[in-house]
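K.L.:
Given only the sequences and the hints, what does the whole structure look like? Please build it.
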Amino acid sequence: MDYQFDFSVVTQNFGALLQGLLVTAELWVICAAGGATLGVCIALARLSPRRWLSLPSLVYVQLFRNTPVLIQLIWFYYAFPIVVGQQLTPFVAVVLGLGLNTSAYCAEIFRGGIISLTRGQWEGAKAIGMSQSMALRRVIMPQVFRRMLPALTNRVIEVGKMSSLASVLSVPELMYQGRLLSSTFYRPFEVITTLAIIYFLLIFPSGLFSRWLEVRMARGK
Amino acid sequence: MNKPILSVTDLHKSFGPQHVLKGISLDVQAGERIAIIGGSGSGKSTFLRCINFMEMPSQGRIALDGHSLGSVKQTRAGETRVNYAERELCQVRARVGMVFQQFNLFPHMTVLENVMEGLVTVKRAAKTEAREVALSQLTKVGLSNRLDAYPSQLSGGQQQRVAIARALAMEPEIILFDEPTSSLDPELVGEVLRSIRVLADEGRTMLLVTHELGFAYHFATKVIFLADGVFHEVGTPEEVLKEPKQQKTKEFLRRFNEFAF
Ligand SMILES: Nc1ncnc2c1ncn2[C@@H]1O[C@H](COP(=O)(O)OP(=O)(O)OP(=O)(O)O)[C@@H](O)[C@H]1O
Ligand SMILES: [Mg+2]
Numbered sequence: 132m133d134y135q136f137d138f139s140v141v142t143q144n145f146g147a148l149l150q151g152l153l154v155t156a157e158l159w160v161i162c163a164a165g166g167a168t169l170g171v172c173i174a175l176a177r178l179s180p181r182r183w184l185s186l187p188s189l190v191y192v193q194l195f196r197n198t199p200v201l202i203q204l205i206w207f208y209y210a211f212p213i214v215v216g217q218q219l220t221p222f223v224a225v226v227l228g229l230g231l232n233t234s235a236y237c238a239e240i241f242r243g244g245i246i247s248l249t250r251g252q253w254e255g256a257k258a259i260g261m262s263q264s265m266a267l268r269r270v271i272m273p274q275v276f277r278r279m280l281p282a283l284t285n286r287v288i289e290v291g292k293m294s295s296l297a298s299v300l301s302v303p304e305l306m307y308q309g310r311l312l313s314s315t316f317y318r319p320f321e322v323i324t325t326l327a328i329i330y331f332l333l334i335f336p337s338g339l340f341s342r343w344l345e346v347r348m349a350r351g352k
Numbered sequence: 002m003n004k005p006i007l008s009v010t011d012l013h014k015s016f017g018p019q020h021v022l023k024g025i026s027l028d029v030q031a032g033e034r035i036a037i038i039g040g041s042g043s044g045k046s047t048f049l050r051c052i053n054f055m056e057m058p059s060q061g062r063i064a065l066d067g068h069s070l071g072s073v074k075q076t077r078a079g080e081t082r083v084n085y086a087e088r089e090l091c092q093v094r095a096r097v098g099m100v101f102q103q104f105n106l107f108p109h110m111t112v113l114e115n116v117m118e119g120l121v122t123v124k125r126a127a128k129t130e131a132r133e134v135a136l137s138q139l140t141k142v143g144l145s146n147r148l149d150a151y152p153s154q155l156s157g158g159q160q161q162r163v164a165i166a167r168a169l170a171m172e173p174e175i176i177l178f179d180e181p182t183s184s185l186d187p188e189l190v191g192e193v194l195r196s197i198r199v200l201a202d203e204g205r206t207m208l209l210v211t212h213e214l215g216f217a218y219h220f221a222t223k224v225i226f227l228a229d230g231v232f233h234e235v236g237t238p239e240e241v242l243k244e245p246k247q248q249k250t251k252e253f254l255r256r257f258n259e260f261a262f
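Chains as they are written, first to last, in our numbering: chain A, 132 to 352; chain B, 2 to 262.
Think of the hints as simulated: they come from the structure by calculation, not from any bench. Some clues are possibly wrong.
Claimed, not checked - Which stretches of chain A does chain B cover? Using the computed rule of at least three CB atoms under 8 Å from a CB of chain B, they are:
| id | region |
| --- | --- |
| 1 | 253–264 |
| 2 | 270–283 |
Claimed, not checked - Computed list of chain A residues with no C-beta within reach of chain B, every gap over 10 Å:
| id | residue |
| --- | --- |
| 3 | Q150 |
| 4 | T168 |
| 5 | L175 |
| 6 | P180 |
| 7 | L184 |
| 8 | S188 |
| 9 | F195 |
| 10 | W206 |
| 11 | A210 |
| 12 | V223 |
| 13 | I246 |
| 14 | E289 |
Beta carbons: idealized from backbone N, C-alpha and C, even for Gly.
P.N.:
Structure below.
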């Protein structure tokens, strides 16, 4: 192998990568937080005895889980505007595609967690006069969250990685900036390796954090 | 007779085609302690659970302190239905406490937090005030030394006493016990029954479903034998447990005492 490594392309353009990193982080936080929040609502709709709530949410979940996420992103950029008659920026299209996709997966996680709690927890809460929503907030969801933390962490990590797909729509996130550098300077090895390392450094700690959180919460099992 | 604090009129409950309660009426005076006995599956739990609307009655009315709960609506078919608003049910449940066979403590909260929870979220009491009330109820059931433990770290008997303290903290006018000792190891039954007896000595109004006939005899002011979805026999502990008149009651007690010594 007589390839001459030259990481100066990375060091000299680190600012561009850093900007990309910020956009990636932004996408990650918005899609993960928004997706999880919306996921709770969809899980509740899925569990509702009212069919006009449970049926559409079932369809929603199945649609997002059974089509490629790349198609979803592209669809929100190119097809969705035709439906709503309003052009979206690539960033918004990605937030929609990735966020809604995440909400579908989170909904299934939350639904599983809620079902796995015994009826007794609802009744214990109701017996002291709690309303449905109070019981959900104070008794049910905290336990669901604890039980489902490993699954939720997986999802969050997945979103972090999937955010790189936004480069397809030219959202100037980490992957896009990297590909731009790599093709401008013909240094794919250095640039892409650096990208991988940055993604790793970004995502690995979140797994550690969740492990730590799990241990901390396990006390009240 | 004074005005009853709880009044059940012609209560029916069906689960699908299964008609479990077939017209039950009961007036409860303040300070009465009522033990409900009966065979497995006879509907004892169902009756208790209808009183605080853990189950919705299929028919009949329930009144607390003379106020009928729910509002009567005419359906298109001309039948009358009783509708209950969630708000009203929550208020009722805060006034009618319940202790379950399976405790149903909140596993993610400490003992103290479990008992404070209703005060803080439902009654909107200040934290310090709630803590004080919780502490005094936990002292009453003998658990003031386990405030920071989680339910999983306690024995079954201790967990049930926490559950009693949690119900008491809401200052309920009536407390419902659904076989509070049935899931406990025999050596732990006593501590829970002692806590319940303390409440009896305070003159609290209580309804207790139990298989502990000995306890029912000493505890209750009235014993009800439930069979076939109706009150088969009602009377003082002496009358129902010692000198039952109905054939069914006699058989039930005989079967119960088969292995007594
Ligand atoms: N939620 C429910 N759905 C359907 N059937 C039910 C439900 N709850 C109770 N039942 C039925 O109603 C009948 C009475 O049940 P219940 O639990 O009130 O009996 P019980 O007298 O408390 O019995 P045990 O002594 O075993 O606790 C049983 O046949 C039971 O199967
Ligand atoms: Mg029962």
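K.L.:
Now look at each hint and say whether the structure bears it out.
P.N.:
How the hints compare with the structure:
1. With 10 residues having a Cβ less than 8 Å from any Cβ of chain B, the region 253–264 of chain A passes the three-residue criterion, so the hint holds.
2. Closer than 8 Å: that is the beta-carbon criterion, and the region 270–283 of chain A has 4 residues meeting it against chain B, so the requirement of 3 holds.
3. The Cβ of A:Q150 sits about 41 Å from the closest Cβ of chain B, beyond the 10 Å cut-off, so the non-interface label holds.
4. No Cβ of chain B comes within 10 Å of the Cβ of A:T168; the nearest lies about 20 Å off, and the non-interface call holds.
5. Every C-beta of chain B lies more than 10 Å from that of A:L175, the closest at about 16 Å, which supports listing it as non-interface.
6. For A:P180, the shortest C-beta to C-beta distance to chain B comes to about 13 Å, beyond the 10 Å cut-off, and the non-interface label holds.
7. With a minimum CB-CB distance of about 17 Å to chain B, A:L184 clears the 10 Å threshold, and the non-interface call stands.
8. Against the 10 Å criterion, A:S188 stays outside the reach of chain B, whose nearest CB is about 22 Å from its own CB.
9. A:F195, annotated as away from the interface, keeps every beta carbon of chain B farther than 10 Å; the closest lies near 30 Å.
10. With a least beta-carbon separation of about 40 Å from chain B, A:W206 lies farther than 10 Å from that chain, consistent with its non-interface assignment.
11. The Cβ of A:A210 sits about 42 Å from the closest Cβ of chain B, beyond the 10 Å cut-off, so the non-interface label holds.
12. Non-interface status of A:V223 relative to chain B is upheld: no Cβ of that chain comes within 10 Å, the nearest being about 37 Å off.
13. In this structure A:I246 is separated from chain B by more than 10 Å, as the shortest Cβ-Cβ distance comes to about 17 Å.
14. For A:E289, the non-interface assignment is confirmed: its Cβ lies about 26 Å from the closest Cβ of chain B, beyond the 10 Å cut-off.
Of the hints listed earlier, there is not a single one the structure fails to meet.
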